[in-house]
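The lines below spell out each chain.
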Amino acid sequence: MGNCCEGLCNFFGRQKNTNVRISLPAVCFVWQIAMIILFGVFIRYDDESDARHWAEHKKSHNITSDIENDFYFRYPSFQDVHVMIFVGFGFLMTFLKRYSFSGVGFNFLIASFGLQWALLMQGWFHSLDHTTGKITIGVESLINADFCCAGSLIAYGALLGKVSPVQLLVVTLFGVTLFAVEEFIILSLLHCRDAGGSMVIHAFGGYYGLAISWVLYRPNLHQSKRLNGSVYHSDVFAMIGTLFLWMFWPSFNSAITDHGDGQHRAAINTYIALASSVLTTVAISSMSQKRGKVDMVHIQNATLAGGVAMGTAAEFMITPYGALIVGFLCGIISTFGYLFVTPFLEKALKLQDTCGIHNLHAVPGMLGGFTGAIVAAAATESVYSREGLISTFDFEGDFANRSVGTQGGFQAAGTCVAVAFGLVGGAIVGFILKFPIWGDPADDNCFDDEVYWEVPEDEETIPPVLEYNNHMIHKHQDISESNFSVEQS
Amino acid sequence: MGNCCEGLCNFFGRQKNTNVRISLPAVCFVWQIAMIILFGVFIRYDDESDARHWAEHKKSHNITSDIENDFYFRYPSFQDVHVMIFVGFGFLMTFLKRYSFSGVGFNFLIASFGLQWALLMQGWFHSLDHTTGKITIGVESLINADFCCAGSLIAYGALLGKVSPVQLLVVTLFGVTLFAVEEFIILSLLHCRDAGGSMVIHAFGGYYGLAISWVLYRPNLHQSKRLNGSVYHSDVFAMIGTLFLWMFWPSFNSAITDHGDGQHRAAINTYIALASSVLTTVAISSMSQKRGKVDMVHIQNATLAGGVAMGTAAEFMITPYGALIVGFLCGIISTFGYLFVTPFLEKALKLQDTCGIHNLHAVPGMLGGFTGAIVAAAATESVYSREGLISTFDFEGDFANRSVGTQGGFQAAGTCVAVAFGLVGGAIVGFILKFPIWGDPADDNCFDDEVYWEVPEDEETIPPVLEYNNHMIHKHQDISESNFSVEQS
Amino acid sequence: MGNCCEGLCNFFGRQKNTNVRISLPAVCFVWQIAMIILFGVFIRYDDESDARHWAEHKKSHNITSDIENDFYFRYPSFQDVHVMIFVGFGFLMTFLKRYSFSGVGFNFLIASFGLQWALLMQGWFHSLDHTTGKITIGVESLINADFCCAGSLIAYGALLGKVSPVQLLVVTLFGVTLFAVEEFIILSLLHCRDAGGSMVIHAFGGYYGLAISWVLYRPNLHQSKRLNGSVYHSDVFAMIGTLFLWMFWPSFNSAITDHGDGQHRAAINTYIALASSVLTTVAISSMSQKRGKVDMVHIQNATLAGGVAMGTAAEFMITPYGALIVGFLCGIISTFGYLFVTPFLEKALKLQDTCGIHNLHAVPGMLGGFTGAIVAAAATESVYSREGLISTFDFEGDFANRSVGTQGGFQAAGTCVAVAFGLVGGAIVGFILKFPIWGDPADDNCFDDEVYWEVPEDEETIPPVLEYNNHMIHKHQDISESNFSVEQS
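Chains as they are written, first to last, in the UniProt record's numbering: chain A, 1 to 489; chain B, 1 to 489; chain C, 1 to 489.
Take these hints with a grain of salt, some might be off.
One copy or any two copies: either way a pair holds, since identical chains are not told apart in the list.
Listed below are the simulated SDA-like cross-link pairs for lysine to any residue, each with C-alpha atoms no more than 25 Å apart in a straight line [said to hold, decoys possible]:
#	residue 1	residue 2
1	K347	D443
2	K347	G229
3	K59	S385
4	K225	D47
5	K225	H126
6	K59	A400
7	K58	S385
8	K350	L227
9	K225	F370
10	K58	T319
11	K134	L221
12	K59	R386
13	K134	L187
Note that these hints are calculated values from the structure, not bench results.
In this text the structure is predicted, and so the values were computed from the model without any measurement.
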């Protein structure tokens, strides 16, 4: 028994080997081939993207113009969401001085895998045709696949700098799977509405990442402290990510809402909430520092909290000032999180959260879920009209008789389900990632692109040194000669 | 009297205190809370974004498809405009070597405040329902709010590096207010057309910023000369801003034009004019430098002049070659401005214009206004058709009998109104900003992020120095020893 | 004869003069003025962007809503394509340590010229109204003009760092001309389909650039070796280009496909193919390096190969798994190209290809052409329906009786035409560029912005040097004195 335990300890504690030359290509190839096979078996074009079916669909639905194809309702939003996933999340994670390649590059890798797996997982749960056994996809499926990846990308934020690309692919495989299940429970079984995913994306993704990071706690991470920070230009790069996330968040929250007023209202609410977050973030950031200096970490992150928190309620009639209040409060809460909660979590709970996703996604996502519950419960026929209520909350079929109060309760329950899935799922995935086969870096080797990337030598270091040397040598000779003569004389 | 004057001088000239720890949070909080209250009192969703009203609107207007919601006509352009405001203007101002945080960060802050205030101000002037006392907003309001901010962001270009964030918020508060008033005069009273805002945005914003900067003249600004310039990578960052402005300018000029041919034509004209500006900018830039070297300052700015100058005429039938000519001339004029006018203004008029907004916004905006006047006056029924004239120039209601010649005259008058508002408003705001309570930096402290931001220590500075030193010491010893022996022998 | 040859040798081999102060402005001005004149003679608004004609068009086509204007079908895709051309291609070419200004700046210049010339050239071949002698343009023309530039921008990738801006303008003038001719042959005479331009853009552009580069071979290019590489931040800048190309490629391939299911399907196929390329690129890149480190060159380029290869087949019913397979294979082939083929071409064929366009455009483009041929030949009525086949392959008019098999053959022939045009045209243009009048840099002066740009002095170099020197001098004196005394004693 003792021996066994010791053996285990050795197994888990042995010298880190970051060579991923076999594991990374193997995982990429095998999983990509699996995708091809599964796509071949399951995935087909939907009615609006299929040459035969669109013609039939137009006839049967009495559609006269191609502009009614869902493509034209959703494609601009889809492209904005796509930018958020790859440039937004990717560049937000370039802020570390020597981890920009991994920030943007591994984000690129795992999102590219994740969206394929998401098309399958979400398809099986939501759009599997039981007659044909096929999943049909269209532009809305692409948006949902991007959304589904977002959960795992958020989790990457907590793990940034501390894991290998192979581990990230594992995080994404399980993350997308868990996402599809919790989404099915929340949206289909509990019949919640969650257009911009405060619950299913942000609360889930945030707690998923935190739980993984908690399990993977590194007591000696301070050995990499020199690299766990930004430099001037890396902070500017990160602002590219922040701004594209911030600007396109209205598209994120409106991308899959109802055609017409639904998309229109979701965009307005999100736009307003985000503006409000910026002012309160700056206010708290400035208050917290001596001489009122603003901190880039807050600007890069907490300004986005309003968008996260409007994810559920954006399509509801929350009113413009309601949206402002949500943004106002979440900007404050998120900035306070960066100032006090993240340091506390690290000390008290042994939870290392590189990007502070607790403050940007987990908490605002959860608050967004509850905000949605309250706004849903407060909905009235006089505000929405009868048809408006039905279409906004999908009170149809089995749910035709649900009251708004009940809906509010289910929305709150949905938030709890998302958090629970994140915490439990993350803990399990964290333990899987502890196996010493994934090529993660040693404690003194974190936050360093050198481990997984061919990094170019820096222009500053090599040629100038030679120049300086020559320069110095001449200088030296002059001086030493003059010195010499002085001494001699 | 003498004492009083001296007292005043001391008051205005006393030691600068850049601590904004109280003023910045106070302004952010108070103004944001004011926004919430005013939004609560005034702002509601419009017919196309309200659950109840859109259903009613569809019925009453006999609309069969949700695709006719204004959202689908304008949302893609809105998002492009949004990118221009936050990434375009923001990154254009990252070109200074040590002021990139402030360039992109304070742009973010003031635009976020400005758009809220703009929704109110423009609402009161343009869409206040006098029965209900409410302003209703939709996607077109969001675009207009972004436009309204642009005026103040342009002004920031002249002030870049010399003002505090609190001052910028004041500039924005007054800038948006003045904008809404001049816009009301120009568009509603004079009934001008100004789709892309050559007059109301660029001429106004440009002269507004110049007047402020003129009042805030700093005779000893040369003390910060070491920081008033770019480095290699900051110039590349600025190109992100330039390109997003350049690429999306067709959306800017077409965002609020008439549905159908109006939006279509405005986009084409702007696209063409901008292409032409690039070639003449490169030509003049290369001619002006020894060995024909091109200057990044010109490429970053003057290439955009064609878009500014097409702001009014873009929706008119200016013809594609007309657009080319406008771009051709404005590229030349703008580049000449950077070469000769900006240095002249600084010497002769004591006018410090960090980004050269005189050449990019003020002059091309004014020229664009007059171009619009000429093109309007030259409009004929044979080119536009009768209905085309009416819809393009809105010859309806009180203005049903206006001739195109009269319209041209009013367009020219509108341009003068915009310039006058900018100059007078800017002068007044400049004097307000001279009060020594706003935390602006001292003359030897301008263009420096350190004043308002927590700036990370740079990786380059610390470790290499030590390395060089050690290296040098060894080198030195070898050489001095060998020298010594030579001398000795 | 010998004298003549010697004279020629001297003429071509004489000292390089990189002064473009006359040639660059002259070319820009003359060509831009020519554009204005030609636009004046030929170019007018089309039915959907003309105030008179759109009103008439609506009546005659019984269109009730402005949303049916082609603008709303294509403008979002147009803007995405526009971003790819200017930010995508531009920033992809910023990866060199000291050539970022030229990468993004000259890309900006030549695309701005190219799109004007393309509107004319493509207009003459495709939309010249023989009654009026006019070319009419709309949003689809703008997209096509951007596409047409892409061919020359791809060629720039092979020449990056080795040519002058004047040479690039010549490359673009001929590139656009050749493009319009080959496009006319392939699309109109051979009646091929090539929505995303695997053949007409990528295969043509790739081989065009390679042929030019082959003619301009520089045996002593190694003299600039120190600058032919990236630094950390230039690689991050290049990722901006990569990601915008990658994200917006679905818009590129769907921008000019048929309304409705055509655009929808093209976007889906491209999205899927690109995701697959990322995984195989990472896999091969990691396998090829010791310790499994990933190479930024591959991530920046080979991840895009799937988009290139889907250019022709994206609008066909290739099925989602077919798209995955195309992306899978092209990611592998492209990465292998960077690893083995580019070095081989340089050694064996004397072909210097700075960006490796052989691997990113030439080969995947050619493969995309043949993929399109196979998918076309395999089309069946049961999959497309009769109408679907007709609309997808335009089997109308003279081509009403063409079979899918014949179509496949013509698609393959079209690919060969594109390659042939690229190779022959490129060789001719290459010889034109050898004349020693274009201001190209010497072999030891390549990849250096200093040659054509006013480059700011670097913050790092100036002040620290002085500091070091002073520091060193003091250090030196201490040491030499102590040395001296030791020796003396």
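Do the hints match the structure? See the list:
{"no.": "1", "hint": "K347 <-> D443", "result": "within (17 Å within a copy, 43 Å between copies)"}
{"no.": "2", "hint": "K347 <-> G229", "result": "within (18 Å within a copy, 43 Å between copies)"}
{"no.": "3", "hint": "K59 <-> S385", "result": "between (31 Å within a copy, 14 Å between copies)"}
{"no.": "4", "hint": "K225 <-> D47", "result": "neither (54 Å within a copy, 55 Å between copies)"}
{"no.": "5", "hint": "K225 <-> H126", "result": "neither (45 Å within a copy, 55 Å between copies)"}
{"no.": "6", "hint": "K59 <-> A400", "result": "between (30 Å within a copy, 24 Å between copies)"}
{"no.": "7", "hint": "K58 <-> S385", "result": "between (30 Å within a copy, 14 Å between copies)"}
{"no.": "8", "hint": "K350 <-> L227", "result": "within (20 Å within a copy, 43 Å between copies)"}
{"no.": "9", "hint": "K225 <-> F370", "result": "neither (37 Å within a copy, 53 Å between copies)"}
{"no.": "10", "hint": "K58 <-> T319", "result": "between (36 Å within a copy, 21 Å between copies)"}
{"no.": "11", "hint": "K134 <-> L221", "result": "neither (48 Å within a copy, 56 Å between copies)"}
{"no.": "12", "hint": "K59 <-> R386", "result": "between (30 Å within a copy, 15 Å between copies)"}
{"no.": "13", "hint": "K134 <-> L187", "result": "within (21 Å within a copy, 35 Å between copies)"}
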